[in-house]
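Novice: Here the structure of chain A is known, so what remains is to put chain B in place on it, guided by the hints.
So the chains spell out like this:
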Amino acid sequence: MTTGQATALEAIRRAAELREQMHASFRDETVRSIYAEAGRVANRAARESADRRFSVDQQIDRLLTSPVFGLPIMALLLAAVFWVTIAGANVPSAMLATGFFWVEDQAAGLFDAAGLPWWITGFVWHGVFRGLAWVVSVMLPPMAIFFPLFTILEDLGYLPRVAFNLDFLFRRAGAHGKQALTMAMGFGCNAAGVIATRVIDSPRERLIAILTNNFVPCNGRFPTLIMLATIFVGGAFQSGGFPPVMVSMAAAGSVVGIVIVGVIFTLMVSWTLSRTILKGEASAFTLELPPYRRPGVLRILYTSLIDRTLFVLWRACLTAAPAGAVIWILANIYVGDTNLAQHIANALNPLGNAIGLDGVILLAYIIAIPANEIVVPTMLMVYMGTSQMSEMSSLADLEGLLVGGHGWTLLTAVNLMLFSLLHNPCATTIVTIYKETLSKKWTVIGALMPLAIAFIVTFVVAAVWRLAA
Amino acid sequence: MTTHACDTCAAHAELARMGVTLDRFDRVVALAGNPNTGKSTLFNALTGLRQHTGNWPGKTVSRAEGGFAFNNVRYKLVDLPGTYSLLSASHDEQIARDFLLFGRPDATIVVVDATALERNLNLVLQVLEITDRVIVAVNLMDEARRKGIDVDVRSLSRDLGVPAVGLVARTGEGQHGLLEAVDGLTSGAIATAPLRVKGTPEFQRAIGELVPLIEAAAPGVPNARWIAIRLLDGDAEVEDALTTGRLAELVADQTRRVDTFSRKMALEGSQ
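These protein sequence lines are chains A and B, in that order. Here the first sequence stands for residues 0 to 468, where the numbers follow numbering that gives the first Met the number 0. Here the second sequence stands for residues 0 to 270, where the numbers follow numbering that gives the first Met the number 0.
Hints in this document: simulated from the structure, not taken from any laboratory. These numbers were taken from a predicted model, which means no experiment stands behind them. Where is the CB? At the ideal position from N, CA and C, for every residue including glycine. Just to be clear, a hint being listed does not mean it is correct.
[To be verified] Which bits of chain A does chain B cover? Going by a derived footprint, with three or more residues having C-beta under 8 Å, they are:
1. 3 to 9
2. 31 to 38
3. 132 to 145
[To be verified] Facing chain B, a subset of chain A residues (Cβ under 8 Å, in silico):
4. R13
5. A14
6. A44
7. A45
8. E47
9. R171
10. R197
11. D200
12. R203
13. G256
14. E287
15. P289
Just chain A, with the same shape it has in the complex (with noise of 0.2 Å):
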């Protein structure tokens, strides 16, 4: 032993006898000092006339949190900003995708004519930058719409009153009441989601967050399901004669039921682990609700389009390239008189079936755990490379292809919007989980927990659903 560490004992055990001969409640009295005196110093500095404004904020916060309303009303938000999105996302989603196809051609007509083999015109045309094109036009302009709504809500002060909505509901389940913030989060990116968890100071309720985080659809899979809720709910609406403003309601709706199955899940698993390998009983936190602000038009802005949306963008784009590039060596080596990608989707097939999906779905949720932005585009790319289809204008044309071409009935897409909700995190939140609790346990767990849920729940309703049909 060091003299340092002798004289720190020394400290200690002295510290031991006064603490003992001294008044017992001496830490109580130097806390109620301190409060005291900061009392008597903010009395002394501040003056308040009137608190007319604080009683504005009362009444927003007794609708906004009120036991009856405040649900409700949080859905209906929700729903008001999938809306938007969907019904504003449309149209320039289009004209992207119409734009980087012509200048496909042109660029791949250029190469041809210049003499340039199949090949390099192919894998750089119709491989990488097909990959980037997708990516873009099917994910740009929901972001650009929805990422400064969000943040709207946030700037606001919004989130909060969401946690304190939610708090019974996760505290009945054995969670902290401050997951559904980390949950809000994970709405943007679930590697940021399970980043916030932080603000969870006990570690049980901290790893429960972080496991359930997934449940939350980030935004690389809202192009997915908003793809989806379009096509086949929207379509349905459409089919049936339904103006066009009722038409993008339904889809902005069937995404809301999403969100909240996902909020469900998130709920069942807590609870079930807070009973299983994560016992224990939800602690107590205090909550400050903010006060309403308004929210600062031109940072939103920045914040939501540089910050978020590019840096979201771009992360996709550096693997939705080399996914691209994959696809269509996949696509052109040919074994046989099938190419590689057919053989694997084909070998995928049964387990796709049993699941309600197909071996296409599956190998395209194989190609994309760098990053779930790219399922959509890997998906479509791989069903094109096999209907000799090379570009893709309308929604209507989308739907042809996958209806008509690859046989997806309204199960497929449930299934599929299910699958995309509850299957494994991406590769960079796999990451984040490690670094966060520095377990390989939990990270195995964070990562399979989810896919297994993915597959067991699928299973079922597809089983059902054919047993119904």
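Specialist: Positioned in the frame of chain A, the structure of chain B alone reads:
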């Protein structure tokens, strides 16, 4: 983005936002405060960085660092997570407390919410127990005015014994005064006489007895007085840090740069 008149006046030109250029700096300034008082907004305004800000408590989950220069002095600014106190064992409070104790910043700006002064001052008083190089930045003055609350920063400064400045971090109002206070305090031009809660005579005697013991056990440790208070309180963590020599480690930890990953994620906030 802000269009305050100060942005264009000559005095303001002395501020140079330096983003994450932190390789060489002369002084370290910490930003502390209750959650959701605008620390990150101030951080962004001074450094020119885009640390994600949001209207909810607990948004900054780890230290974020950035740089700025004022009057040709380069500062490293450390944005600490928002805390209501420094006494509990929660992760956030530990990050904030460890940095204030062992990172030994040249100045600590405690950002307080002008509309909830009393609650915010609890933290100020606790920070004053740790360090006397404190500036109280009374933020959200505009919101206070709207609510009919008038905050007298001179009275505050007199009572607390440290500089206090009014601020509207979002528009930049009061920013120049704050920077001058930082300059004055870190250069030694401004002296402080922090208000410290005295406690009972027996408490003071106990502290007086423990401080030399702590200084002998961990030579060179800053804030022996604060550690004495914690020991007296039976804080197991501080006891542990003292016996295992982790105290020295903590001091070294705080001067090390935050690793790239956590800083990057902190800056990107909630993608």
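Novice: Next, verify each hint and record whether it holds.
Specialist: Okay, the hints, checked on the actual structure:
1. With 6 residues having a beta carbon nearer than 8 Å to a beta carbon of chain B, the stretch 3 to 9 of chain A meets the requirement of three or more and the stated coverage holds.
2. Using a Cβ-Cβ cut-off of 8 Å, 6 residues of the stretch 31 to 38 of chain A lie near chain B, which meets the minimum of three, so the contact claim holds.
3. By the rule of at least three residues with a Cβ nearer than 8 Å to a Cβ of chain B, the coverage given for the stretch 132 to 145 of chain A is violated, with 0 such residues.
4. Because the smallest distance between the Cβ of A/R13 and any Cβ of chain B comes to about 6 Å, under 8 Å, the interface hint for this residue holds.
5. Given the 8 Å rule on beta carbons, the hint for A/A14 holds: about 4 Å separates it from the nearest Cβ of chain B.
6. Because the closest C-beta pair between A/A44 and chain B is about 4 Å apart, less than 8 Å, the hint holds.
7. A least Cβ separation of about 5 Å between A/A45 and chain B falls short of the 8 Å threshold, and the interface hint therefore holds.
8. Restraint check, A/E47 versus chain B: the minimum CB separation of about 5 Å is within 8 Å; hint holds.
9. Hint status for A/R171 relative to chain B: violated, with the closest Cβ pair at about 22 Å, above 8 Å.
10. The closest approach between the C-beta of A/R197 and any C-beta of chain B is roughly 4 Å, which is under the 8 Å cut-off, so the hint is satisfied.
11. Because the smallest distance between the Cβ of A/D200 and any Cβ of chain B comes to about 4 Å, under 8 Å, the interface hint for this residue holds.
12. Below 8 Å, beta-carbon pairs count as interface contacts, and A/R203 has none with chain B, the closest being about 14 Å; its hint is therefore violated.
13. Among the interface hints, the one on A/G256 is violated; its C-beta lies about 25 Å from the nearest C-beta in chain B, farther than the 8 Å criterion.
14. Interface restraint check for A/E287: the shortest CB-CB distance to chain B comes to about 5 Å, inside 8 Å, so the restraint holds.
15. This hint holds: A/P289 has a C-beta 5 Å from the nearest C-beta of chain B, less than the 8 Å allowed.
Figure legend: structure checked against the earlier numbered hints; hints not met, in rising order: 3, 9, 12, 13.
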